[in-house]
Amino acid sequence: MDLMEKNLELVEIQKLEGHTDRVWSVAWNPVSSHADGVSPVLASCSGDNTVRIWEQSSLSRSWTCKTVLEETHTRTVRSCAWSPSGELLATASFDGTTGIWKNYGSDFECIATLEGHENEVKSVSWNASGSYLATCSRDKSVWIWEVLEGNEYECAAVLSEHTQDVKMVQWHPTMDVLFSCSYDDTIKVWWSQDDDGEFECVQTLGESNNGHSSTVWAISFNATGDKMVTCSDDRTLKIWGTDIARMQSGEEYVPWTHLCTLSGYHDRTIYSAHWSRDDIIASGAGDDAIRLFVDSHDSVDGPSYNLLLKKNKAHDNDVNCVQWSRGEGDRLLASASDDGMVKIWQVATKP
Amino acid sequence: MSMLYTVMILKKVLESELWFTVLHRKIKPLAVEARLRNREKKKMTLGLINANPVVQAKKERLVRTQPDQYRDDGVDPLDIYEYVRDIRDPEHPYTLEQLSVLSEESVTVDDQLDRILIKFTPTVQHCSMATIIGLCLRAKLKECLPLHYKVDILVSPGSHADEDSVNKQLNDKERVAAAMENPNLRQLVDECIYSDEI
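Chains as they are written, first to last, in this note's numbering: chain A, 1 to 351; chain B, 1 to 198.
Think of the hints as simulated: they come from the structure by calculation, not from any bench.
Check before you lean on any hint, since a few could be wrong.
[As the list claims (entries may be wrong)] One side only, chain B facing chain A, incomplete, derived with CB under 10 Å: (1) Arg115; (2) Leu147; (3) His148; (4) Lys150; (5) Lys168; (6) Asn171; (7) Asp172; (8) Lys173; (9) Arg175; (10) Ala177; (11) Ala178.
[What the hints assert, rightly or not] BS3-like cross-link-like pairs, simulated, lysine-lysine; straight-line CA separation at most 27 Å: (12) A:Lys102 x A:Lys66; (13) B:Lys168 x B:Lys119; (14) B:Lys173 x B:Lys150; (15) A:Lys310 x B:Lys173; (16) A:Lys15 x B:Lys173; (17) B:Lys142 x A:Lys15; (18) A:Lys140 x B:Lys173; (19) B:Lys140 x A:Lys313; (20) A:Lys313 x B:Lys173; (21) A:Lys15 x B:Lys150; (22) B:Lys168 x A:Lys313; (23) A:Lys313 x A:Lys350; (24) B:Lys142 x A:Lys313; (25) A:Lys350 x A:Lys15; (26) A:Lys15 x A:Lys313; (27) A:Lys313 x B:Lys150; (28) B:Lys142 x B:Lys119; (29) B:Lys150 x A:Lys310; (30) B:Lys168 x A:Lys140.
If you're wondering where the values come from, they're calculated on a predicted model, not measured in any experiment.
All residues carry an ideal CB built from backbone N, CA and C; glycine is no exception.
The following block holds chain A by itself, in its conformation from the complex (with noise of 0.2 Å):
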């Protein structure tokens, strides 16, 4: 199936308003989608210091507002992640906290606030299993959090090697190997060689291995985990990858290499970028556009990737955050932007 042959569009499915201020985060909850039978749910994070639940009603097919999580961060919340369950939202604050959300049905209850950054934590992500949690924070360190029963959260590492403002933590999509970027340029991953929640950094990825030249804004894996896209400030996305197979086999770590970077798409300054689990890398950008991009599979020596589309004036600003949808073949995209909505996307055929 060559997506580039087929005559694809971006259809705005449905706006979502409900913000008051910027929204910079939205977040897929992995275990309700269509498939299942289950109303898919979006989380959607704020300047105006809430977190908005988003969710889909099978009747009448249109999106909701089902709850709006207040009255806890007293500062932006800056993004969000839903834990591999479905069942914990976990809340990253510039007031310091990260804040951790438990759906009781038709409510939300903030069940623990974890404290300890010196200042705005940026990002937070959960592992695979659900065992480990990162947050990282202008304070330029990236902490590991271990997940232990009866809703107690440890410390288990506060890794300071970045030299600037933290932006994202992303943990592999199979592996327990945690990767940050940063407003210092470079990628760094995290890996503990005895699982014994040593981590420790591994590798850095910066101009010198072909890394970006300028603060590199997000991390995302594709389905796989063998390959990885990155977005920065630098107007670039640059495609990394790995032997997946020897990594997790052995008992050492395996390095990243650079495979491809995508220039001259962008003029403004990449937010965002999202891989889909049929290989469409999607990109939010501060000139307000979403573009999608695809693997040409002409060329021999690595990935080559193409644009797929644009779409220009997405949203009336800055776009901060591109998530597809975690279902398999619906191809839904979320957008947030500084314009203060979220839109939902649909990636289909032109009539």
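Since chain A is already given, all that's left is putting chain B on it; use the hints.
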């Protein structure tokens, strides 16, 4: 007096790295001696970064008919300049224009892409108020311009010792947003941009 007090609080905030990275923490011994000598000379400076700024007389203004908030057919750089020229300097009771931090040439507009570039010139090479001036420019323009305009703010090339560092901070919107949530900083910025209304 309250302005001075706010500036002093702000210096403490800057030094404690509460928001932006302090710009020039590593001071070489030679520079320290020079500063101590200068400080002894100017006993009445009250610790201001630039105690004797060069002040221009207020420029004569062309009488303009009341401008619209924005025009549909594009934005005139001089309109943008009108919004920012009277912003007050964080340290001195003068406008950015009077201190030659801004001039008409500071503003360039790309009409096709709706992008605005502002280059400002801090009064001294080691001005730690540079980031605050940048924030004032952003805050003021955010109010005056339609949503979709993109604004880039830079220090004039060669005008600041930490040019790249200042530019990077001023154009990282997440850092700017976090800084503006700091109430002390927000207050100082508001005093600078609303000074003509006080």
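Going down the list of hints, with the structure as the test:
A hinted interface residue such as Arg115 of chain B counts as satisfied when its beta carbon comes closer than 10 Å to some beta carbon of chain A; here the least separation is about 9 Å, so the hint holds. Interface restraint check for Leu147 of chain B: the shortest CB-CB distance to chain A comes to about 5 Å, inside 10 Å, so the restraint holds. The restraint placing His148 of chain B at the interface with chain A holds, with a minimum CB-CB distance near 6 Å, inside the 10 Å limit. Checking Lys150 of chain B against chain A: minimum C-beta separation of about 7 Å stays under 10 Å; hint holds.
Satisfaction of the interface hint for Lys168 of chain B is found here, the shortest Cβ-Cβ separation to chain A being roughly 8 Å, below the 10 Å cut-off. Here the hint on Asn171 of chain B is kept, as its CB sits about 8 Å from the closest CB of chain A, short of 10 Å. Interface restraint check for Asp172 of chain B: the shortest CB-CB distance to chain A comes to about 7 Å, inside 10 Å, so the restraint holds. The interface hint given for Lys173 of chain B is met, as the beta carbon of that residue sits about 7 Å from the closest beta carbon of chain A, less than 10 Å.
Using the Cβ-Cβ criterion of 10 Å, the hint placing Arg175 of chain B at the interface with chain A is satisfied: the shortest such distance is roughly 7 Å. With a least beta-carbon distance of about 7 Å to chain A, the hint placing Ala177 of chain B at the interface is held under the 10 Å criterion. Given hint, Ala178 of chain B at the interface with chain A, holds; its Cβ is 5 Å from that chain's nearest Cβ, closer than 10 Å. Restraint check for Lys102 of chain A and Lys66 of chain A: satisfied, since their Cα atoms lie roughly 14 Å apart, inside the 27 Å limit.
Distance restraint check for Lys168 of chain B and Lys119 of chain B: the Cα-Cα separation of roughly 14 Å lies within the 27 Å cut-off, and the hinted pair is therefore satisfied. Between Lys173 of chain B and Lys150 of chain B, the direct Cα distance comes to roughly 11 Å. Compliance with the 27 Å bound is thereby established for this hinted pair. Of the supplied pair hints, the one linking Lys310 of chain A and Lys173 of chain B holds, its CA atoms being roughly 23 Å apart against a limit of 27 Å. A distance of roughly 24 Å separates the Cα atoms of Lys15 of chain A and Lys173 of chain B; the hinted pair therefore holds under the 27 Å criterion.
For the hint linking Lys142 of chain B to Lys15 of chain A, the alpha-carbon distance of about 24 Å falls within 27 Å, and the restraint holds. In summary, the hint linking Lys140 of chain A to Lys173 of chain B is supported, as the alpha carbons are separated by about 17 Å, within the 27 Å threshold. Taken as a hint, the Lys140 of chain B and Lys313 of chain A pair is honoured in the structure, with Cα atoms around 25 Å apart against an allowance of 27 Å. A threshold of 27 Å between alpha carbons decides the hint, and for Lys313 of chain A with Lys173 of chain B the separation of about 19 Å falls inside it, so the pair holds.
Distance check on the hinted pair: Lys15 of chain A and Lys150 of chain B sit about 23 Å apart at the alpha-carbon level, within 27 Å; holds. Between Lys168 of chain B and Lys313 of chain A, the direct Cα distance comes to roughly 26 Å. Compliance with the 27 Å bound is thereby established for this hinted pair. Annotation: proposed proximity of Lys313 of chain A to Lys350 of chain A holds, straight-line Cα distance about 19 Å (limit 27 Å). Taking the CA atoms of Lys142 of chain B and Lys313 of chain A, the gap is near 19 Å; set against the 27 Å cutoff, the hint holds.
Proposed proximity of Lys350 of chain A and Lys15 of chain A is supported: the alpha carbons are some 21 Å apart, at most 27 Å. Between Lys15 of chain A and Lys313 of chain A, the direct Cα distance comes to roughly 14 Å. Compliance with the 27 Å bound is thereby established for this hinted pair. For the hint linking Lys313 of chain A to Lys150 of chain B, the alpha-carbon distance of about 13 Å falls within 27 Å, and the restraint holds. The hinted pair formed by Lys142 of chain B and Lys119 of chain B meets the criterion: a straight-line CA distance of about 17 Å does not exceed 27 Å.
For a cut-off of 27 Å, the pair hint linking Lys150 of chain B to Lys310 of chain A stands: about 19 Å separates their Cα positions. Between the alpha carbons of Lys168 of chain B and Lys140 of chain A the distance comes to roughly 16 Å, so the proposed pair stays at or under 27 Å and holds.
Violation of the numbered hints given earlier is absent; every hint is satisfied by the structure.
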